[in-house]
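Here the structure of chain A is known, so what remains is to put chains B and C in place on it, guided by the hints.
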Amino acid sequence: MQNVPEEPNLTTATKPEQIIWTKRDLLDLENLSREEIELILDRAEDFVKDDPRHQEKRSDLKGIVVANLFFEPSTRTRTSFGLAAKRLSADTIDFTPSSSSLIKGESFIDTAKNIQAMGADVMVVRHAVPGAPHLLAEHLHCAIINAGDGAHEHPTQGLLDILTIRQRLGRVEGLTVGLVGDIAHSRVARSNIHGLLKLGAKVIVCGPPTLVPRSISRLGVEISYHLDDILPHCDVVNILRIQFERQRHGLFPSVHEYAMLFGMNGERLRRAKPDILLLAPGPINRGVEVTPEVADGPHSAILQQVTNGLAVRMAVLKLLCNRSESAQGAHG
Amino acid sequence: MQNVPEEPNLTTATKPEQIIWTKRDLLDLENLSREEIELILDRAEDFVKDDPRHQEKRSDLKGIVVANLFFEPSTRTRTSFGLAAKRLSADTIDFTPSSSSLIKGESFIDTAKNIQAMGADVMVVRHAVPGAPHLLAEHLHCAIINAGDGAHEHPTQGLLDILTIRQRLGRVEGLTVGLVGDIAHSRVARSNIHGLLKLGAKVIVCGPPTLVPRSISRLGVEISYHLDDILPHCDVVNILRIQFERQRHGLFPSVHEYAMLFGMNGERLRRAKPDILLLAPGPINRGVEVTPEVADGPHSAILQQVTNGLAVRMAVLKLLCNRSESAQGAHG
Amino acid sequence: MQNVPEEPNLTTATKPEQIIWTKRDLLDLENLSREEIELILDRAEDFVKDDPRHQEKRSDLKGIVVANLFFEPSTRTRTSFGLAAKRLSADTIDFTPSSSSLIKGESFIDTAKNIQAMGADVMVVRHAVPGAPHLLAEHLHCAIINAGDGAHEHPTQGLLDILTIRQRLGRVEGLTVGLVGDIAHSRVARSNIHGLLKLGAKVIVCGPPTLVPRSISRLGVEISYHLDDILPHCDVVNILRIQFERQRHGLFPSVHEYAMLFGMNGERLRRAKPDILLLAPGPINRGVEVTPEVADGPHSAILQQVTNGLAVRMAVLKLLCNRSESAQGAHG
Chain A
10 MQNVPEEPNL TTATKPEQII WTKRDLLDLE NLSREEIELI LDRAEDFVKD DPRHQEKRSD
70 LKGIVVANLF FEPSTRTRTS FGLAAKRLSA DTIDFTPSSS SLIKGESFID TAKNIQAMGA
130 DVMVVRHAVP GAPHLLAEHL HCAIINAGDG AHEHPTQGLL DILTIRQRLG RVEGLTVGLV
190 GDIAHSRVAR SNIHGLLKLG AKVIVCGPPT LVPRSISRLG VEISYHLDDI LPHCDVVNIL
250 RIQFERQRHG LFPSVHEYAM LFGMNGERLR RAKPDILLLA PGPINRGVEV TPEVADGPHS
310 AILQQVTNGL AVRMAVLKLL CNRSESAQGA HG
Chain B
10 MQNVPEEPNL TTATKPEQII WTKRDLLDLE NLSREEIELI LDRAEDFVKD DPRHQEKRSD
70 LKGIVVANLF FEPSTRTRTS FGLAAKRLSA DTIDFTPSSS SLIKGESFID TAKNIQAMGA
130 DVMVVRHAVP GAPHLLAEHL HCAIINAGDG AHEHPTQGLL DILTIRQRLG RVEGLTVGLV
190 GDIAHSRVAR SNIHGLLKLG AKVIVCGPPT LVPRSISRLG VEISYHLDDI LPHCDVVNIL
250 RIQFERQRHG LFPSVHEYAM LFGMNGERLR RAKPDILLLA PGPINRGVEV TPEVADGPHS
310 AILQQVTNGL AVRMAVLKLL CNRSESAQGA HG
Chain C
10 MQNVPEEPNL TTATKPEQII WTKRDLLDLE NLSREEIELI LDRAEDFVKD DPRHQEKRSD
70 LKGIVVANLF FEPSTRTRTS FGLAAKRLSA DTIDFTPSSS SLIKGESFID TAKNIQAMGA
130 DVMVVRHAVP GAPHLLAEHL HCAIINAGDG AHEHPTQGLL DILTIRQRLG RVEGLTVGLV
190 GDIAHSRVAR SNIHGLLKLG AKVIVCGPPT LVPRSISRLG VEISYHLDDI LPHCDVVNIL
250 RIQFERQRHG LFPSVHEYAM LFGMNGERLR RAKPDILLLA PGPINRGVEV TPEVADGPHS
310 AILQQVTNGL AVRMAVLKLL CNRSESAQGA HG
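Residue numbers (the working numbering), protein chains in the order written: chain A, 10 to 341; chain B, 10 to 341; chain C, 10 to 341.
Looking at chain A on its own, in the form it has when it is part of the complex (with noise of 0.2 Å):
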């Protein structure tokens, strides 16, 4: 500890590992720095890197209980959240509300705490009220997870669409992003939008005018209800799913209609920046939103996002652990 010379200045932007994560939770992008996010998207890459065959199995969450936490309906999200914790060693509990206690009259509030009280150390939760998350965060000392609440953030896809476009395009700042569909009633928009422009992009939503609330360009974004009118300066398009199955009647004329204003095929794809970068938080309507070759082809990165949804949810589940080991370190 002699004679050390002195550190040169770095701005943490570029040694984000000195960051240090003290959040106990995450549950929105809209309150995370840029450098927190940045951090997340470090920490996500080291997981894509690694082949768990090639190693051996990680260990850094063993002892830790991780609970899904489901109040609606979810394949990928959760299955991803559960393989994570697992791939860290984490012991996992899976709630799903039909095999459970709230068809006898509990409270969420209890539930989740019941949960916590098992030895819940993480806990990640969906629900279809915007705030659920929080409001647990309120009430429990674990970590709190939001997956997905209501039309306001899923903060994780949110991360694993950056880290995407990062890992494609070398950099999310200046790029211009467009989010097309259903912004009104889209978590993931919001989450995208939040840490879009903290990173320094540009971001433009693009839908039917009964989906595109005029509020929503408070948030710092740009409006457009023509896709053809913006694809050309996009450097990425962000397709957001039509949810068929909570139909809202008289949004939108037709399927059909939405396909052909809004649906990316492979015309309007030649109307398009040459490397385009085209997004799908999924699971997608084939035919719809985008056409299969579309989907399928070269500029369509859905399931890479995939891949990527599982190492931002390590990292994720890794940064609140870390920190929550710390934190009792100093206090013991």
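In short, the hints are calculated from the structure, not lab data. Since the structure is predicted, the reported quantities are computational estimates derived from the model, not experimental observations.
In this list, chains with the same sequence are indistinguishable; a pair is considered to hold if it fits within one copy or across any two.
Listed next, the in silico EDC-like pairs over lysine to aspartate or glutamate satisfying Cα-Cα at most 20 Å (straight line):
hint, residue 1, residue 2
1, K95, D69
2, K71, D59
3, K66, D55
4, K32, D51
Chains B and C in isolation, oriented as in the chain A frame:
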């Protein structure tokens, strides 16, 4: 081993670690001895003290297969057993009848025998029919744990209630415990009664006459129909859940009247002993059996019960599996 | 290592450990060689001998992700594969369509590709459509195991049946095996036929004419409509389940008549060879295909089949994963 002084003549009650668990199954508390109950409680206490993050993950049950067979819906008990098994590094099978061969016409015993044939060492069984776990114990050679059989018993719930009493009040012997609610249909009541009486507590069951059968006095409990009469004498009140999901019409006049006569609220609490302990096996109907301020107040041990539930189940799993190991050793 | 005598010139049939598994998938028995089938059986036999409690837990598949994709309800096969994966220390994904993206309109292949993108190395697939696993094998790069595709094949069931025959009777070659029941709709029958014929058994299919298509004789089996005619000649009878849950009206007159003509009962058993072996892929309808005393009697191997099922699935998982490891090694 030379010149060892003679061991003092201690009773097993003061040296519970010398008791050896010999039973293959945990079917009820009625047929356990006081020493066996205390052995489980002592072992569970060890697990409560365990903070998993500050030590190596336990591998007590590595290589053991624990199967959950729940023929009735359950969150907390099923999750608690599943997690208990995982925290001891067992492999787990989670059988739920909706996705099962039962819809193909297979018998209950055949289903269990099949899961045993897959290598299950321990089977955790919940069933609507009283005695179903005992029936399996007769037909199978693996260890059976009763996780609730109709209105008969729910031994691990009884054990976790008693453990919580012992932790909070320092003892069980000599205490007066009130069980309040639907005594007639409650397996929790029956396991509490057997366990508490064996450990030397006095038990009073209390509820509307339609829900408290006179015959229950044969178990050695007192009967009351007026909570306010017994409350001043109780050291503990265990508040049973009204099972609205299997509403028994005509057994009590109204939810409102029930809450007025038997609900635990702040006013009633002021007429109880100052250090009264309130238990509730959950999930609770807030505002019916207990008001929110009481459920979340200092007398309530509701969440401690959940934590103890995990510990009790870990202790039971370990005792049953160690027994089978030593039994095997004896044969080898 | 000097002066080692020359190795005797053994055929691969007597030294199966020298055969190397090269297939990526296990889609059917029709396209396996006799040597490949015997390799799986030999490896499975090793697992049967393994008592997990007397040794370290196996870590053969540590770091590997095994996904169950069951588009039809199943208890035993799904549980058996899941447990086989866990006993080899794989991480598992359990996908059930009810909680899935399928209700959001995603295609079958997209769902599977998503699970592959999460890192699944092996996908165990059950689907009502014959050929569905083969379709996935064309589109995915992970290993696919067919866990039953419509009325086509169920290869691990065929393998466990054959393993049980080999264990109980010491050989397969030269035996006469009767398959009794609904041959037309049975994937179990088809996998048995292919496997048994390759290993040199004679196969007779037997059932009501409406349930035994004449065309099946092209596979190389004999056809009979009278169990009592063939029974005296059979070394093994494999009793297929009547699928009451997908009742095919008009294909046989009544359950009672079926039981009389094709049910295995004590009286019929007395007219069989004295050491006849009875198999049933389960779940059985007691009193229909087989009477309880026969199902639980000394000739029945029903539960041994279940135990062998776990061993066969562990063997298949290990062979497929080792292949992919060596394949990777070759590329690296």
